[in-house]
Amino acid sequence: MLSFIAKRLLSGILLLVVVTSGTYFLAHVAVGDPTPGLLGNSATAAQQAALRTKIGYDQPLLVQFWNWFSSAATGDFGSSWRNFQSVNDQIALRVPVTLSIVVFATLLAAIIGVGVGIACGLRPGGLLDRSLKLASVVLFALPGFWVSLVLVMWFGIELKWFPAVGYVSPEHSFGGWIQSITLPSVSLALGAIVMVAEQLRNGFLQVANQDFVRTLRARGLSGRRVTAHVLRNASPAALTVLALLFVGLLGGAIVVEIVFNLPGIGSLTQSASQIGDIPVLLGLTAVTVVFVVIVNFLLDLVLGWVNPKVRER
Amino acid sequence: MTTAPFPTTLAPVKRISLWRRYLRRPLGVVALAVLLVVVAVAVLAPWLAPFDPNLVDFKLTHATPGDGHLLGGDSAGRDILSRLLYGAQTTLFGAVITCAAGLLLGVPAGVSAGYFGGATDRVCSWISDALQSVPGMIVLLVVAAGTGQSFVVLMVALGIFLAPGYYRITRARALSVRKEPYIDAARVAGVTNGRILRTHMLRAVYAPIVVQTALTAGIAIGMQAGLQFLGIGSASTPSWGQMMNDGFQNMLNYPLILLWPSIALGLTIAALAFIGSTLADLVSVRSEQPTRRDRSRVRESLAAPAPGDLAERVASGSHAHDAEDCALRVDNLRVGYAVSNGVKEVVRGVSLDAAPGEVLGIVGESGSGKTQTIFSVLNLLPSGGTAVADGIWVGGREVGRLSPGERAALLGRSIGYVPQEPMTNLDPCYTIGHQLVEPLRHVHGMSKAAARERAREVLVQVGITDPDRVLVSYPHQISGGMAQRVLIAGAVAGRPPLLVADEPTTALDVTVQAEVLELLRELQREYGMALVIVTHNFGVVADICDRVVVMKDGRIVETGPVERIFRNPEDPYTAELISASLDDTESRQELDEAWSRESPAALDRVGEKDGAR
Amino acid sequence: MTRTRTALVAIAAAAALALAGCTGSGGGGTTAAGDTGELKAGVFLDVTSWDPASADIGFDGPYLSAVYDPLVALDKDGKPVPALASSWEWSTDRLTLTAKLRQGVTFEDGQKFDATAAVANLEHLKAGVRSGQAYLNVAGVSAKDADTVEIKLSKRDDALLYQMGLGRSWMASPAAIKSGALASDPVGSGPYKYDKASSTPQSQYVFTKKQDHWDTGTYPFPTVRLFPITDQTASFNAMLSGQLNVQFANAANLPKAKENGWNIASKAASWVGVQFADRTGAQVKALGDQRVRQAISYAFDAAGILKAVANDSGTVTNQVWSVDGAVYDKSMNDKYKTDVAKAKQLLAEAGYPDGFSVKMPMSPIFQAWQPAANQTFGELGIKVEWQDMAMPDYQKNAPTFPMFLAVIALAGNDMATLTDQVTTSQWYNPNPSVDAFPEVKALVEQAEQAEPGPQQTELLKQLNKKLVDLAWFDVWYQADNTYFSVKGITVTPVTGMMFPTLRFIQRG
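Protein chains in written order, with this note's numbering: chain A, 1 to 313; chain B, 1001 to 1613; chain C, 2001 to 2508.
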């Protein structure tokens, strides 16, 4: 078990290093000299040079990389090239926002998606199953931002049930927090729900068609008890789907954060990439990869707990 | 940016037949037609478009449809219809680039990883996993910022992030094909790796790649629109995403500007999705779930004898006992499956019976319908299968007309079942103890302690020397022979008066086979059970059976006491089976093949997939 | 077959319904109109930095004006007016500015505002990466006595007070400047206190009014909430839903705003057109010929573009001096009235009857104008090869192109316009090329040396006319910035500020 954890941890760290370093060089090559973009209107050459010195851009790329890397390795991602504030502080402000909507959306997708998926798996070809198939295609065909905007129009502006834009942190008002993340989470979750349900249904059917299920029935077990066996066997696939979903939603959050004007890591990504604020972009990359590594690690642990074969490996 | 995990078990399908079967799906045909229209529009845009898509006429700004402009004008005063037609070019071009990038990266990597395994596999899989966990949107935004918004570069980058989808399905396919004997044969024959990869592997992964491409194209078009919504991409060439972005800016005042590209985009992606799901249904092992209408169609067809086929509909086989005295009696059983062009009958009028304490053998080749007969008795046919019989008696009681719930109540109590494949018939997630105790508690109403004691006792009875260790073991921790003993223990734990065993020794080592047969015989005597045993092997019959039923192509060719059948087989088929079994117990496959050549029907293993293999 | 059709119909119906929902939403937004107890303003961008030296002029005004007082403020016409500096005086050579400071002002941390504090601030601002550009001509700052500071210039700078008033003279506590924590924790003497506990940085900033502020009458709202909302649709949605009562608006939404009965305030903010970076013809010889530049100016249908792209929210003109200022001359606007025939004739005279080829940069935010530009150049036979790039690249690379589409901020001060648009090198004006045009150079020098007032204005008018004649720029129109506010709140826009400071948002 210990060696399993160590192995996963090492693999996670390797992934983190490879991805952030890759992004570092990609971003530097892609963005080029950032100072005109950062200073904007009417900056003189002298001011640009001053900024270059201030952010260390006048040094060779490898020196810059080493400075960044050695600092990042200690968990300090430096300061933004735009407002010179600590990248860690900025991201720390924004992580709760994105996590709120992504976790909430994942929960919604898990609860509803798993429920619907099982219901469809129990009655394949039934009305619910066919509706699911149609819904999955329709939601696949409608871009996420489209769905988000329609939700804002109806529930934010027309009915005024939820705020149309903005984020309220739970420390200020718990009710306000729930209200402010409902619409964004739902618009993220809609596509996810049908995706999870589709996969769960297929996974459920795949297990339900396995030999041991017939044998269990032949022993006289009730439908409910057999379903419990099927679910337990289908759960690794379901958990994998949810973990993948979480990663996918982290990326999908960008559009939702912009439509709902949420100060999350997605909208920061968008603005930082527009002005070429590389330290912020790298911090964001690292933080996202860390989330992914953590989620995958948790997934492995849970899979081990569910599936005795994996546990022994 | 997740791609839908794809069922890894895809049967290799020939191209032509796949294409023909596709054309039988109305939904798929409509979707394909929509896609073809979009492609045609893209190609013919210069001839179809009434105006230059970039022609600005300020009078046309935000214009409503009409006056020669069928869909009106956009916010810059350009004809929306013309832009929509030209936009199809850009949108499809982007999707093609993305798919090509994903395909060129994912497929070769997947094929080599699956074929060569080892380090190649580990490296490729790590990269694929890494790509899936990279926040793709961030990288895309960085790429967009740095490459001067180059459309092609962006779409290629998107393709790289979608490559793991291709990689995973190709690798899974390649992995399963790699295990096929013909690949080994080719290698032994000195065919080079390159040639094997080209000829065998690519053919095997062809179908799933087509499915994945339909999905990837849909995702690519959606992502393209999303990126353009974020303000990335060029406006000088018309595209649907950029038109939608324009629509959003004006959606409160001029909603039509948003509506047109939304419809175009939605229809195209939906068409791709339907094409993908139709293809997936066709190439997947999992058949389409039959509807209620299918089932009643099968039932009607089985019940009403077709005039031209009258002779075939008469029951085959005979009964040796009175119905009331039988442990099991089947009267004119028919089993059918719904297929696209009608009903496929796999059991065509079977009658047989077994008295308490009697051992009945059902012998036949794969596809002869013997396993389907057993499943009909249990009322556990695979989905899509329907059984109709003039009567099914269990323990002297007619049960054929009972409700499914009442039929299910017989299982475990009145009928015990021993499956063929020991390793796949135990739930891998639960301990053996749990799997034995659960039915005893919930079906037979025992207390926890009593159930556990009984489970231990029955394990000892089936010859397991360390029952306590086995009780806490998981299925993967015990051998196949032991697993079969566990399954037999599970079947007899509830002391059923009737035990049906479906090829109980086929999957076992030769040495273990005899032990298991011996065990079954002992238990049958001890419990005074009727035993119905399905087998392809007359050796088994000789060992254990009192009477035997010989089946072929869903009908019984011969019924009688074992000695008589061995001594004087009436049907030439029976004689052939006997000689094959006695020559070499392992020659089953050859025989199978011989018979398949002569009777093509046996090849069609509809419904047999869960039975004898 | 039928199922597919149903599905398709369902998709179309859902789409139509959803859109109908969008259009039908006009009536709902007015309920919050009466709620003017607190100011809830949607600002286009987040505050860049709370440190005045690192802040931007554009959209940081409302944020910084809440917590800081400026040394010099502007009135609505861009004229410098006293704030923490109660009065000032220029020396006769206009190289020394002596300012008297307001007394009795303390910063939130208890520090006193006096000459020492002002000097510390001004030195901090002069050294600032962003604020420094306002103090380029400042040689030194010194405290003459406890409430008098003296600013010495190395070169006469008639735009200095304007620049300071625009947002370059916010006074922060000297202790906070020294500690370096200003970027995230503002410490000023402004009319509001930043309520950090109730705020969610980057999403909502809450400020509560200080009752003892020296200028308390100018700030009517007990609470101010500022919401940075970049996405225009999101911002308008917030306004519709009543989450905002003041908004940096998109002119496309004017009809809806009128429907809702909101106050609409607009003022010229930037000029839109073609910037000629290569007026000397160094890169593209044709552009060195004034007839070619004039031809381009003749060719564009400026009124059509203004109507189509900017919803008529602006003024068609060919000048870079603000339409609200004294230098602007309305009578010159007809000079390049759209006339493609004339344009072609001019091109032919210049020796380019078939046009010429040129490369131009393009970035998403300029895409609205691209179709019109491309078409007009096409009519003249000018073949444009567009190079797509992101906005930072545009600012970086546009100056290297001979000409490019531009949206350039206007100054609210006529001398500042001279500096910003003509004489100094800017990203949008990489080659001032004044030296290559002796007549222009002469007028510029005269204006810079003239006595401020009518004489200077007259010289600037002559210069303006000269620049228009030379087709120095191809200005299509001056675009307005537009602000929506609910009934009961009025916004007074100020040219030069992308979003006005809080003193310009009043009840009424």
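By construction, these hints were calculated from the structure, which means they are not laboratory data. For glycine and all other residues, C-beta sits at the position ideal for the given N, C-alpha and C. Some hints here could point you the wrong way.
Claimed, not checked - Dumping the calculated EDC-like pairs for lysine to aspartate or glutamate here, alpha-carbon to alpha-carbon at most 16 Å: (1) C:Lys2258 <-> C:Asp2312; (2) B:Lys1059 <-> C:Asp2312; (3) C:Lys2487 <-> C:Asp2212; (4) C:Lys2196 <-> A:Glu158; (5) C:Lys2079 <-> C:Asp2158; (6) C:Lys2193 <-> C:Asp2212; (7) C:Lys2112 <-> C:Glu2038; (8) C:Lys2196 <-> A:Asp33; (9) C:Lys2337 <-> C:Asp2289; (10) A:Lys160 <-> A:Asp129; (11) C:Lys2126 <-> C:Asp2147; (12) C:Lys2465 <-> C:Asp2329; (13) C:Lys2196 <-> C:Asp2212; (14) C:Lys2112 <-> C:Asp2158; (15) C:Lys2256 <-> A:Asp89; (16) B:Lys1059 <-> C:Glu2451; (17) C:Lys2337 <-> C:Asp2469; (18) C:Lys2307 <-> B:Asp1057.
What the hints assert, rightly or not - Rough simulated footprint, nothing fancy, chain A against chain C, three-plus residues with beta-carbon under 8 Å: (19) 2157-2167; (20) 2195-2204; (21) 2229-2235.
A quick look at each hint next to the structure:
1. C:Lys2258 <-> C:Asp2312: Holds: Lys2258 (chain C) and Asp2312 (chain C) sit about 15 Å apart, inside 16 Å.
2. B:Lys1059 <-> C:Asp2312: 13 Å, holds
3. C:Lys2487 <-> C:Asp2212: 28 Å, violated
4. C:Lys2196 <-> A:Glu158: 32 Å, violated
5. C:Lys2079 <-> C:Asp2158: 12 Å, holds
6. C:Lys2193 <-> C:Asp2212: 11 Å, holds
7. C:Lys2112 <-> C:Glu2038: 30 Å, violated
8. C:Lys2196 <-> A:Asp33: 35 Å, violated
9. C:Lys2337 <-> C:Asp2289: Roughly 20 Å between the alpha carbons, so the hint for Lys2337 (chain C) and Asp2289 (chain C) is violated.
10. A:Lys160 <-> A:Asp129: Roughly 33 Å between the alpha carbons, so the hint for Lys160 (chain A) and Asp129 (chain A) is violated.
11. C:Lys2126 <-> C:Asp2147: 20 Å, violated
12. C:Lys2465 <-> C:Asp2329: Holds - the C-alpha atoms of Asp2329 (chain C) and Lys2465 (chain C) are around 8 Å apart, at most 16 Å.
13. C:Lys2196 <-> C:Asp2212: Since the Cα atoms of Lys2196 (chain C) and Asp2212 (chain C) sit roughly 20 Å apart, the hinted pair is violated (cutoff 16 Å).
14. C:Lys2112 <-> C:Asp2158: Status violated; Cα separation ~30 Å.
15. C:Lys2256 <-> A:Asp89: 39 Å, violated
16. B:Lys1059 <-> C:Glu2451: 48 Å, violated
17. C:Lys2337 <-> C:Asp2469: Between Lys2337 (chain C) and Asp2469 (chain C) the Cα gap is close to 13 Å, so the pair holds against 16 Å.
18. C:Lys2307 <-> B:Asp1057: At roughly 12 Å apart (the allowed maximum being 16 Å), Asp1057 (chain B) and Lys2307 (chain C) satisfy the hint.
19. 2157-2167: With 0 residues closer than 8 Å to chain A, the stretch 2157-2167 of chain C misses the three-residue bar; violated.
20. 2195-2204: With 6 residues in contact (Cβ-Cβ under 8 Å with chain A), the coverage given for the stretch 2195-2204 of chain C holds.
21. 2229-2235: holds (count 6)
When the structure is compared with the earlier hints, violations turn up for hints 3, 4, 7, 8, 9, 10, 11, 13, 14, 15, 16 and 19 and for no others.
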